[in-house]
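Enquirer: In case you want the letters, here they are:
Protein chains: 2
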Amino acid sequence: MKNAIVGQSGGPTAAINATLAGVIVGALNSKEIGTLYGAVHGIDGLLKEEIINLNEIFEDRDNIELLKVTPSSYLGSCRYKLKEEQVDDVFRVFEKYNIGYFFYIGGNDSMDTVSKLSAKAEEYGVKVIGVPKTIDNDLYATDHCPGFGSAAKYIATSVMEVTRDCTCYDLDSVTIIEIMGRNAGWLTAASALARCNGNTTPDLIYLPEKPFSVEKFIEDVKGKIAEKHSIVVAISEGIRDEEGNYIAEQTASFKNDSFGHGQLGGAGKTLESIVKNTLKCKARSIEVNLLQRCAAHLLSKTDIDLSVEIGNEAVKCATAGKSCIMMAYKHMGYEPFATEIVPVDINGIANAENKVPDEYINAEGNDITDEFIRYALPLIQGEIIVPMKNGLPVQLIRKED
Amino acid sequence: MKNAIVGQSGGPTAAINATLAGVIVGALNSKEIGTLYGAVHGIDGLLKEEIINLNEIFEDRDNIELLKVTPSSYLGSCRYKLKEEQVDDVFRVFEKYNIGYFFYIGGNDSMDTVSKLSAKAEEYGVKVIGVPKTIDNDLYATDHCPGFGSAAKYIATSVMEVTRDCTCYDLDSVTIIEIMGRNAGWLTAASALARCNGNTTPDLIYLPEKPFSVEKFIEDVKGKIAEKHSIVVAISEGIRDEEGNYIAEQTASFKNDSFGHGQLGGAGKTLESIVKNTLKCKARSIEVNLLQRCAAHLLSKTDIDLSVEIGNEAVKCATAGKSCIMMAYKHMGYEPFATEIVPVDINGIANAENKVPDEYINAEGNDITDEFIRYALPLIQGEIIVPMKNGLPVQLIRKED
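Note that the protein sequences, when read in sequence, are chains A and B. Counting in my numbering, the final residue of the first sequence is number 401, and the numbers go up one at a time with none missing. Counting in my numbering, the final residue of the second sequence is number 401, and the numbers go up one at a time with none missing.
Among the clues, some could well be false.
The list makes no distinction among identical chains, and a pair is therefore deemed to hold if it is satisfied within one copy or across any two copies.
To be verified - In silico DSS-like cross-links for lysine-lysine, where the CA-CA straight-line distance does not exceed 25 Å:
{"id": "1", "residue 1": "K224", "residue 2": "K399"}
{"id": "2", "residue 1": "K269", "residue 2": "K282"}
{"id": "3", "residue 1": "K96", "residue 2": "K210"}
{"id": "4", "residue 1": "K120", "residue 2": "K224"}
{"id": "5", "residue 1": "K301", "residue 2": "K389"}
Hints are computed from structural coordinates only; laboratory data are not their basis.
All chains should be built: construct the whole structure from the sequences, respecting the hints.
Expert: So, in structure tokens, the structure goes:
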């Protein structure tokens, strides 16, 4: 009987541990899998043999429930670009631990790792499976991504709350909320869900999918202020002008991470200062920052349930003989909302980015359409009651932390 | 029979509407009070006769329950320094509406308004009562302030969640969380509550009550990184050096609000850049920003219950003939936690600031003591189930918004 190993990689989400929980439950229940190991710090830690026995930790099934509501990567994460010449090293570690099944939970960059390993998976007799996660919702070949729904719920709720705060004074004011999303504006679009319960903001929404014009932005803001004094604007961190220059670049330091992606921050501050200088009114910018991807105190039950399920299905696919695949959600209908979990070919996923399609963005490029609401609203439904102690959430924390 | 009027003022909190709900319930139940009016946008709106009838809106008692869980000031707020020569104008508006009772919910600056009105309250035959609110917890003569407990709960939870996110990589990193509090470090101190359930951060905590040395900070950070790689540091927006210069001033624009207080922001960014330059490790700063004072999706039940009660007690005191007072919490014991609501003389409150006392701060000035935990922990206990629709909170929104 073969063992299995699971790793987590890339930027954390509030649901990536729910998927890990799904893999753990699947492996513990599987007659084909011996021991389930965890690779600490993803493929980077795996190469260093930072490996722990998950059967022992999760013998106590209460830990599985806590894992589901603990944000970020329980196993630790990495941002590590696997080199072609390291592929055999990975399989040598697998051989040492008698691994027959490898599950890697991550985003685009992690699927690049899974794709590289897939090329030699059959040769080494290991089933290699990618399981998606990303708040950015930009993975190709899946209807949506685990983690997106919870982040979307947190963002829409925070927009509603910040709106109550920002509109309470009798003066013209512009509040700019900067939301994560380098190239894909899914999360920024999700701010529009804040309008579902009678709240009227965001008044304007700008995604990185459309070129951003500062002049047009100022005109848009002027028009909205004339209507209602206090307005709230949602922008993506990744908005760029016609020439492709980041708006954030004007003030923020701009560096590349190890995958060559620019690290952003500052589009909100830049626009805040432009509004102050040109419109001479109160302006404020709020960077939602890490909280949008780790706010486990406000999870979407739909997201968490589907995140657990996709981990569980990954194990079923692997033990049924499937390999070199990524698990994906297939959309099956809106009313009622229905989704199926299916395996898709891993190749070609890593470098394709799923951006917000044109039909979800309005013609002016400063708002989203009702079609987007129809798409995203089902993903934020339901709440998870998080276990509390001392008035605070209880988390499952790995000992080495 | 006389009517009553209530207003909200100053920076919003997640509990200021709970106190308004307490006043409304008290007034609706009182046989001494005719109509309860609301002053829109505080004393500023009152002078402009922006007055609404609250009996009509809250005839539907469901609205009271929604009000309790809606953040910020339902009535709108102001930051308006009442001039001595406007005091008679206020009472003339009161006469027009046959007002016998005035309730003003706010912080230090609002108590300044209450104090000014108190000087002529007897002459005009109006009972004038201040009701505290402030996340800053810096009001004098009360054990704690409505709104502080909920903000403290949100901050401690967010520190726990951000910690899971920031410590998942295998590298040295410093995450700086910047928390509100210009001169009083109560909320920054509350970050320490994040340690109650097995989490070990914040690793360092700096309050504005103690002079901040950048050199000492770098030494502290170095020491902690040597122990555990990834660390989380909580700082107050208002930290200052020995000479009283704000650390934030080094990068942030610095302006005065209409009360002459400096508007801060940027201490986190300043220190982030100092850490990057001197320690050459990953550094990130997070400004919790407005979310810390309006996160009604994570309320402390203790805070909300006590916030409702103090509003209710204010009405009872007023109709029993008391005036020129602020309602306050009197500490009655820790085990079990007990508090009594008492009236205190309004005079002298406005300009006194209740700072974090020495016994709550450690000798090195980079952490808090167990005495603080004993003080603050009872205030974050219990949760409120917020009504949800469409996967999002339901808020009570004033029509004019």
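Enquirer: So, for every hint listed, does it hold in this structure?
Expert: Outcome of the hint check:
| no. | hint | in the structure |
| --- | --- | --- |
| 1 | K224 <-> K399 | between (52 Å within a copy, 18 Å between copies) |
| 2 | K269 <-> K282 | both (13 Å within a copy, 21 Å between copies) |
| 3 | K96 <-> K210 | neither (50 Å within a copy, 55 Å between copies) |
| 4 | K120 <-> K224 | neither (57 Å within a copy, 43 Å between copies) |
| 5 | K301 <-> K389 | both (21 Å within a copy, 14 Å between copies) |
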